[in-house]
Structure formats: structure tokens, C-alpha cells
Amino acid sequence: MATKASRSAARLMMAPAVILLLGWMLVPLIMTLWFSFRVYLPLRGGDQGWAGFSNYTRFVTSSAFWPSIQTTLIIVLGVLAITVIFGILIALLLDQPIWGQGVVRILVIAPFFVMPTVSALVWKNMFMDPVNGLFAHLWRFFGAEPVSWLSDASMPSIIMIVSWQWLPFATLILLTAVQSLDSEQLEAAEMDGAPWIKRFWFIILPHLSRAITIVILIQTIFLLAIFAEIFVTTGGAFGTRTLSYLIFQRVLESQNVGLGSAGGVYAIILANIIAIFLMRIVGKNLD
Amino acid sequence: MARSVTPRRKLLNTTVAWAIGLLIFFPILWTILTSFKSEAEAIAAPPIFLGFDWTLENYRIVMERSDYGRFLWNSIIIAGLSTILGCIIAVPAAWSMAFVPSKRTKDILLWMLSTKMLPAVGVLYPIYLLFIKMGLLDSRAGLVVVLMLINLPIIVWMLYTYFKEIPGEILEAARMDGATLRQELIYVLTPMAIPGIASTLLLNFILAWNEAFWTLNLTAVNAAPLTAFIASYSSPEGLFFAKLSAASTMAIAPILILGWFSQKQLVRGLTFGAVK
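Same order as they appear, the protein sequences are chains V and L. Here my numbering is used: the first residue of the first sequence is 86, the next is one more, and so on. Here my numbering is used: the first residue of the second sequence is 7, the next is one more, and so on.
The set of hints was computed from the structure by calculation and includes no laboratory data. Warning: the hint list may mix true and false statements.
Unchecked claim - DSBU-like cross-link-like pairs, simulated, lysine-lysine; straight-line CA separation at most 30 Å: (1) L:LYS170 with L:LYS112; (2) L:LYS16 with L:LYS109; (3) V:LYS369 with L:LYS270; (4) L:LYS16 with L:LYS170; (5) L:LYS16 with V:LYS369; (6) V:LYS369 with L:LYS112; (7) L:LYS109 with V:LYS369; (8) L:LYS16 with L:LYS270; (9) L:LYS270 with L:LYS112; (10) L:LYS109 with V:LYS283.
Since this is a predicted model, take the numbers as computed values, not measurements.
Using the sequences and the hints, build the whole thing.
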């Protein structure tokens, strides 16, 4: 039905968005690639010529690199495990008939709308402060020694803060998926005497698989880039320096742009590997 | 898949669900409560839950001390303008992709999504440098552009999934009746598209409001929005729980309320229509 005229009109309408995004993608990307091959220290002599691949090898061989990858993976996997498992359980619970379902849903969803700097600060001070935090009070109440959460148990603390922020997202998406499940199938299985765990494993979980995949992929993309939560709580100390945070420190704190850019290229490659999987799934949905 | 259950079972479910809901909400509730306490009550041991002297003192002090109004205004301007600008650019694009699809439409959509996955930290310095060169560092205009660009793929996708649901037959019928393209846009498409556009604006306003990488790294004083306002409370000197709570409450309250209205759009927007 589309005529030639409407085709070209359509192209014209798409042009601003496409051109802007193309520029937004290519200009910084090319600059990052360029810098990554230069010796570039803005505060110590500026651009000092070609570096070959030395920034790339230096970034990977620095003692901070592997720990940062490890930290990144632990945070991402930890948060994913917590949010997906609890997300499924809460979604199944909220799908049951309960009084005040709407209100409970609003309570559960709330943390997603709290800006990351606020949630990090609130958790850091009002809950995890070793002297006046609520956890410290609770620990003392039970006669235990209060824990300095963000220095002695820094990773579990960060994982817990980030999980609190992302649990609503996982729950909401899984709940949407649960609600689309055909209840007749479940009732039939129940009649045939299938125990709860079997009904969950063979009917509910397969039905949720697509939603779970989406949750995992989208969260991974955001979790790889978490910044404010670490910036505000530990500033990358106590073993919480992720790959993004390491790059941030190289570029802005030590002002070594060449080295940081090489790190940036690694981060881009890592994110792209994950992105490819997400694209496949979303792409399938388009047909 | 909701089914009917016995009242006893329902009571049990309700109790557990409310307990979990309150537990998840508790940090926010606690922050709001603490914001109305005096500093001494805020750190009292054992903690006081409700039986304290409610006061608005903290709000007054925070307003006085840190020019809250300017941060709030920056947040509103940056999140609002970036969202509106994004919609102005995205509506025609999404419209043409939904109603005049070509072979490449799907590829273009996926490519747009892929720009969202570029890790911000990987391109921080180039953007920083460009901002200095163009005099955009610490300016609202610069942040509006950056936030518009990072949210543009989501805006296009959301609008696209909404527009796709508008039946093409209606357009054809309008055309048969002799409607021009302009009439078609104004009288047929716009009324049907407004709910979708409104949801898109809402969700992206929230995302832009809470964005905390670019807003922290590209601002200093003039253009700093609420994310930076709160981050300034992270220094250990002069930290007081009640004032921190008041500041936090002021930063999140507007968006929390907007957020509750946009739960459904959240699923759709952030999964790019893959979960409905």
C-alpha cells in the first residue's frame, strides 16, 4: 500500500533520529578508539604520540584488571540470582488472590523509582552505618557486635543495595508473564495429582523462560554499568572496584586518557557480546 | 492465572504478601519518617518508630542551606526537555516505521537499541572533551542533549510498539474518504496515539530524572540536578541523618508518585515490547 512518495516521506521522517543516534554512536566511539592508541595525559603534557597497543596490554596486565573483572561478575551474577529467584517467588505470590493487591504492588515496585544516589546514601548511612545504622541497632539488640558493612562485608552490601533497586523490575516483568499463563493447564495438572513442585517446574517455569531471559539480559546491561552506587558508598575501595569504575578512575582520577580509553574499548566489547544475545531475543519478537 | 481459593488460604497469602511488600518498602518509609525527626531522635538508641515530635525543621534547613530550588529546577528542566525533545524526534521516526515499514525497518530498530548498550564509561572522556570544546560542560543544554540521546532508542521503541497496535484499516478508511495526510495525522492518528505518547513521556521522564552517570560527571554547580544534590551529602563531615532524609525525600517524592502511575509502561518500555 505504500507508495513511492510515502516511502521517501518515511525516510525523511526517520532521518533525524537515525542521524542523531549515528553521530552519538560513531563520534565518541572513534575518539575512544583513537585515544586508546595514543599516549594521552591531559595534565602531564597532553597528547604525546602513538602508543601502539601498549595501552591495551598495560590495562590488561595491571594488577587491578582481573580483580575488577571478578568484582564486576560477582556483582552482576549475585544481583541476577537474587532478583530472579525472589522476583519469581514474589510474582507467584502477587498473582494469588489477595486483599489489597494493588497497594502491595505499589509497595514492591517503589524502590525502582528511587534515584541510585539516594538509595546508596540511605542504605550506607541509615542502615549500614556501624554506629547509628538500623542494622547496628538490630545487631546490638540481639547482643551481637555491629558490622562495618561497607568495609568488612563490602561486596554483599553492594549486592544487597543493587538487588533492592532491581528486584521491583524483575518482579513486575515476571508478574506480567505469570498473569498471561493459562490457568486451565495448571488446573488439569492439579487434577491429575501433580505435586506443586512439578507443576512449577514443568508448567510455570517454561512459561516464564522468555521473561526470565529478558530480565537477565536487560539487567546485565544496566548492572555492568552501575556507577552511582559505588561512587557514593565505597568509592571503589574495599574490593568493590568494577571494570566501569576502574576505567572511570583511570580517565578522570589519574587523568590517563589513553589507558582509560583502552579499558573503555574492552568494556564496549564485553557489553556487545551480551547485547548480541539480547538482540536475538528481541528481534524474534518483531516478526 | 488467578484462581479462586479458600478464605483461609487467601488470608495467609495476604499476610505474607503484605509482609514482603512492607519489608521492601521499609527503607523508603524509614527515610520519610526520619525526615520528620530531630537529629537526636534520628540516631536515638533504640530507634524510635513513630513516637517522636514531628517537625518540619529539617526541610527548612535543607532548603536554606543548599538552594534545593535550583537543583529541583535543573532536574525538571533537564528531564522534561530531554524527554520532550526526544519525543519530537522519535514520533515521526516511530510513525514511519510502524505505518510504512520496509525491509530495513527491523534492522534499524535493532541498531537503535544497540546504541543503548554502549557503556557510558567507555565514551566518557570523548564526551567530556567535546563538552569542554563546545562550552557545554556544566550546562543544562548539554545534559538535555545527552539524556535525550541515551533515551532516544527507548522512546522510539515504545512509540513503535504503541503505534503498531493502531489498526491500519482505520487509516485506509480515512484515505478512502478522501482525508489528506495532514487530516489523517490530526484527526485519526493523533487521538489514537496520545495515550501511547503520554506513557512514553512519563517513563522517560522518570528515567532521565534518575540518571546518575552523566548528570554526576558532566555537571559541577550551575546545571547540577537532584542526583548531584544528594551526592553532595555523601561527604562524612556534617552528615546528619534527619537532614539527609529530608533531602532524600524531596529528591524522590515527585518521581515516586509519577512512578506508581507508570508501572505498566515500565514493563513495556524497558522490555522493548518483548513482554506484554
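Structure-based check of all given hints:
Between LYS170 (chain L) and LYS112 (chain L) the alpha-carbon distance is near 13 Å, which keeps this suggested pair within the 30 Å criterion. Note on LYS16 (chain L) and LYS109 (chain L): the hinted pairing is violated, with a Cα-Cα distance of about 51 Å set against a maximum of 30 Å. Between LYS369 (chain V) and LYS270 (chain L), the direct Cα distance comes to roughly 22 Å. Compliance with the 30 Å bound is thereby established for this hinted pair. Under the criterion of a C-alpha separation no larger than 30 Å, the hint pairing LYS16 (chain L) with LYS170 (chain L) is inconsistent with the structure, at around 39 Å.
Our distance criterion of 30 Å between C-alpha atoms is broken by LYS16 (chain L) and LYS369 (chain V), whose separation comes to about 39 Å. At most 30 Å may separate the alpha-carbon atoms for a hinted pair to count; LYS369 (chain V) and LYS112 (chain L) meet this at roughly 10 Å. About 15 Å separates the Cα atoms of LYS109 (chain L) and LYS369 (chain V), which keeps this hinted pair within 30 Å; it holds. Pair hint LYS16 (chain L) plus LYS270 (chain L) holds up; C-alpha atoms about 25 Å apart against a cutoff of 30 Å.
With a CA separation close to 24 Å, the supplied pair LYS270 (chain L) and LYS112 (chain L) stays within the 30 Å bound. Restraint check for LYS109 (chain L) and LYS283 (chain V): the C-alpha separation of about 44 Å exceeds 30 Å, so the hint is violated.
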